[in-house]
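Protein chains: 2
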Amino acid sequence: MVEYDGGPFSGWQWQDDQPSVQGTIEAALARLESDLPRIAAAGRTDAGVHGRGQVCHCDMAREWKAETLMNALNHHMRPAPVAIVAAAPVADDWHARFSASERRYLFRILNRRARATLEAGHVWQVQRALDADRMAEGAARLVGRYDFTTFRSTMCQAASPVKTLDAAEVEVVETGAGRELHLRFRARSFLHNQVRSFVGTLERVGSGAWTPEDVTRALEARDRAACGPVAPPQGLYLTGVGYDDDPFSG
Amino acid sequence: MVEYDGGPFSGWQWQDDQPSVQGTIEAALARLESDLPRIAAAGRTDAGVHGRGQVCHCDMAREWKAETLMNALNHHMRPAPVAIVAAAPVADDWHARFSASERRYLFRILNRRARATLEAGHVWQVQRALDADRMAEGAARLVGRYDFTTFRSTMCQAASPVKTLDAAEVEVVETGAGRELHLRFRARSFLHNQVRSFVGTLERVGSGAWTPEDVTRALEARDRAACGPVAPPQGLYLTGVGYDDDPFSG
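Heads up: the protein sequence lines correspond to chains A and B, in order. Quick note on this note's numbering: the first sequence kicks off at 1 and runs consecutively. Quick note on this note's numbering: the second sequence kicks off at 1001 and runs consecutively.
One should not assume that every hint holds.
Stated by the list, open to error - Listed next, the stretches of chain A that the computed footprint assigns to chain B, with coverage defined by at least 3 CB atoms under 8 angstroms from CB atoms of chain B:
| no. | region |
| --- | --- |
| 1 | 67-74 |
| 2 | 112-120 |
Unchecked claim - Among chain A residues calculated to face chain B with C-beta under 7 angstroms, some are:
| no. | residue |
| --- | --- |
| 3 | E3 |
| 4 | Y4 |
| 5 | D5 |
| 6 | P81 |
| 7 | A83 |
| 8 | V85 |
Treat the hints as calculated values from the structure; they're not laboratory data. We put the CB at the ideal spot given by N, CA and C, even for glycine.
Generate the whole structure from the sequences, applying the supplied hints.
Here is the structure:
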């Protein structure tokens, strides 16, 4: 299980000329064994998106004690803001991406007039007051099995735009200095930019520019042009991945 | 009311050759009016210590609408991680420091083996497992009116080492990836380095190196040398200041 601050990275995915989370972990693995295959992750997060409970796997040549491997990787990744926070052995046919039965995302909106200081880079700041109840009403309209073409990046490589969204919730968190909205989404899998497209659209509802019914109209349009603005990446966290055969449970 | 990330600053207090929170706010004020006096704050936090509910005041020459002043200052402070999150007019004899009847501090310990990523710079990371109950027992022994010489920096300029600590609590917060200990302290006023000296000492108790009784022995020694290590600044937050005549209530 991997935690990272997405800020300094071009995203999860390895790129030959830019720092990536995958590249950081693979460089540390290369200090331990040679000629390892690429690692695979449950969610290939975009540039700036954070990991809280990202999961990846690697086929090691040697038998490693999970804790030893974790500590060695964390040592070699210093000072990059990437840490292995849990490790476990898995069956040969277990795959971090293909075995996953659920992905969970959190999107944090700092809803206040004053600029973010301590949360800078970790929230999307929206200055105008947002109506969380309206946003929750809009979010509920997205739950279910739909053609999500409207909320899918034109770069999306998924075979089908039909997905089942299992949950979309809006929680208001009053903090010491301001107010955060936490938007949580849960599904077996997501399309590229789906969560950020949801959030940008729901922000339009919260600000009063859209009605909750407009969300249904946008969904039914099955047209990328019907989507609200795409929310920026720095508020988004991959918080967890579910597996029927969860290597971290028990 | 001021929020700031203490990381890039040499502390609250203005220094002619280093960035400070006070200097950042005063530079923004200087864009609005000339020849202003220095601003005064409830707590002069050290280098690296964060502000969540710091309070400062300034004698302005013109009559400002609180919100206009706040927005103008926030505009001029960009991109420094300092924000005015609330502003209010006060009586001429009201003083952010001398009128304060209570200061509240939070200290965050990230208690896990893997290095902090998303929380880097905002927590003190302790790798060995800490016993929160033992720490709470140790903390309770500090509550009351005592000569706190043991927990006072040798640089402290307070007239007397006798202070009354009103509360010292330890809360365990299970987060998505790890465990945080939140230590909260409340008093009319604190000595220099008092909270960090408390936390460093309580960490010794949590790790098993000290017993809770050793905290009482250290307190009663009234000797700086009897103190545990001083905890690092990045876990410390000035979270709030209390006033009998609170400008922000109502």
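Now for the hints, and whether the structure bears them out:
Given a C-beta distance limit of less than 8 angstroms, the hint that chain B covers the region 67-74 of chain A holds, as 3 residues qualify and 3 suffice. Only when three residues or more bring their CB closer than 8 angstroms to a CB of chain B does the claim for the region 112-120 of chain A stand; here the count is 8, and the claim holds. Checking E3 (chain A) against chain B: minimum C-beta separation of about 5 angstroms stays under 7 angstroms; hint holds. Hint on Y4 (chain A) holds. Least Cβ distance to chain B is approximately 5 angstroms, under the 7 angstroms limit.
Against a cut-off of 7 angstroms between C-beta atoms, the interface hint on D5 (chain A) holds, since the closest Cβ of chain B lies about 5 angstroms away. Evaluation of the P81 (chain A) hint against chain B yields a held restraint, the C-beta minimum of about 4 angstroms falling below 7 angstroms. For the restraint placing A83 (chain A) at the interface with chain B, the shortest Cβ-Cβ distance is roughly 4 angstroms, inside the 7 angstroms limit, so the hint holds. Because the closest C-beta pair between V85 (chain A) and chain B is about 5 angstroms apart, less than 7 angstroms, the hint holds.
Taken one by one, the earlier hints all hold for this structure without exception.
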